[in-house]
Amino acid sequence: MREIVVISGKGGAGKTSISASFAYLSPPETVIADCDVDAADMHLLMKPRIVQQEDFYSSQEAVINPDLCTGCDLCYQVCRFDAISREDGIYSVIPLNCEGCAYCEKVCPVQAITMKARLDGQWFISETRLDKPMVHARLGIGTENSGKLVTLVKNVARKIAEKYNKDFIIVDGAPGVGCPVIASISGASFVVLVSEPTVSGIHDLKRVYDLVRRFGIPAGLIINKYDINPEKTQEIISFAQQNAIFLISQIPYDESFVQAQIRGLTMAEYGSRQIKKLLRQSWETVMELSE
Amino acid sequence: MKIAFTAQGTDWNAKVDPRFGRTRYILLYDEDSGELQVIDNSASVAEAHGAGPKTAALIADYDPDVLITGNGPGGNADPALRAMGIEIFTGAGGMTIRQAYEAYKNNQLRKF
Chain H
1 MREIVVISGK
11 GGAGKTSISA
21 SFAYLSPPET
31 VIADCDVDAA
41 DMHLLMKPRI
51 VQQEDFYSSQ
61 EAVINPDLCT
71 GCDLCYQVCR
81 FDAISREDGI
91 YSVIPLNCEG
101 CAYCEKVCPV
111 QAITMKARLD
121 GQWFISETRL
131 DKPMVHARLG
141 IGTENSGKLV
151 TLVKNVARKI
161 AEKYNKDFII
171 VDGAPGVGCP
181 VIASISGASF
191 VVLVSEPTVS
201 GIHDLKRVYD
211 LVRRFGIPAG
221 LIINKYDINP
231 EKTQEIISFA
241 QQNAIFLISQ
251 IPYDESFVQA
261 QIRGLTMAEY
271 GSRQIKKLLR
281 QSWETVMELS
291 E
Chain W
1001 MKIAFTAQGT
1011 DWNAKVDPRF
1021 GRTRYILLYD
1031 EDSGELQVID
1041 NSASVAEAHG
1051 AGPKTAALIA
1061 DYDPDVLITG
1071 NGPGGNADPA
1081 LRAMGIEIFT
1091 GAGGMTIRQA
1101 YEAYKNNQLR
1111 KF
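From first to last, the protein sequence lines are chains H and W. Note that the first sequence covers residues 1 to 291 in the working numbering. Note that the second sequence covers residues 1001 to 1112 in the working numbering.
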């Protein structure tokens, strides 16, 4: 069983377009995991039918018990997030502002403040139109991602893969280089780096590759939109050569990527013959390299 | 030497956890006494943030010399572990604790 994780560093490079195409091209015994929980979009292409839904509790929020509150004003003074309201002398917490730091709880002289677990979102197991199960999540308004939900999504995907003897887990990774990305790549058999030939694209590619290298996970590179800047593309190719990163493919810029998204299709289904071929070859290369 | 393993279970046949911060258990093997201790890390797993440093703090109390894991600690746990002077070995993902220990003894793991 192999876990293929697609990441990009910089958002917008084409990570989901690629991972969704891989999900389409992969053998039937595949589990899909959307770990970009902050801005999930795999579901737009996968048409999920939710089979199981669970609440996700992660952060906390403060609650003031009005019966115990003496109006001493200490909580208002220590709160850094403007989360204490003191209208008409009644102290209460503004939930949307509260970061759950618990400073108010610590300073309250009469223990009128307690920290309550906050419902941060939901995670789902769904059937998709590709007949491959998908694990995904949705965060609530103003709630934050961390490695926690990504880890949960990955663990659930792995459990499904092990239980039903699946061959592949395809993970749409989180963007950036922070904890959600680290959580996305932990345990991966192979990482696909999707880059674009722009200054920030290259900068973030290098940062995210550093992570992958330290974790000792083999990696391959797809340069997306390669023809928008041949000079930058050459820079990426040199970087790959210097670091023994296998260059999987170069995909030209094509507005049908957007059209495919609008139609809810992967580029492996909707793209031109050239792009379909490039994607198919890319997936075959990934299968070979990840053996 | 005291060797810590990130683990998905509680005995020698358990699989090594590729993660550090949100590993379910840490198994601590004392080579001198032959004792295998199980440390439950669920508190760190449940943390919204700071799981890495929290797990590092947890194992600091047990003073291991070596940490064996799958991929390695992330950017927040790493400096904490380095400050403790622990030697970190990776590449044990997918192995059982017993296999990982053998691999470590045979110099087959990667130094992080």
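If you are wondering where the hints come from, they were derived from the structure by calculation, not from laboratory data. Ideal Cβ placement from N, Cα and C applies to all residues, glycine included. Among the hints, a few may not be true.
Said to hold, decoys possible - DEER-style ranges, computed between Cβ atoms:
#1 H:Glu54 x W:Thr1010: 20 to 28 Å
#2 W:Gln1099 x H:Phe239: 20 to 28 Å
#3 W:Ser1042 x H:Leu96: 26 to 34 Å
#4 W:Lys1105 x H:Ala244: 26 to 34 Å
#5 H:Glu284 x W:Gln1099: 30 to 38 Å
Against the structure, the hints:
At about 25 Å, the beta-carbon gap between H:Glu54 and W:Thr1010 stays in the expected band of 20 to 28 Å. The hinted window of 20 to 28 Å between W:Gln1099 and H:Phe239 is violated, with their beta carbons roughly 35 Å apart. One distance hint, 26 to 34 Å for the beta-carbon pair W:Ser1042 and H:Leu96, holds here, with the actual separation near 29 Å. For W:Lys1105 paired with H:Ala244, a C-beta distance near 29 Å keeps the hint of 26 to 34 Å intact.
For the pair H:Glu284 and W:Gln1099, the beta carbons lie near 32 Å from each other, so the given range of 30 to 38 Å is met.
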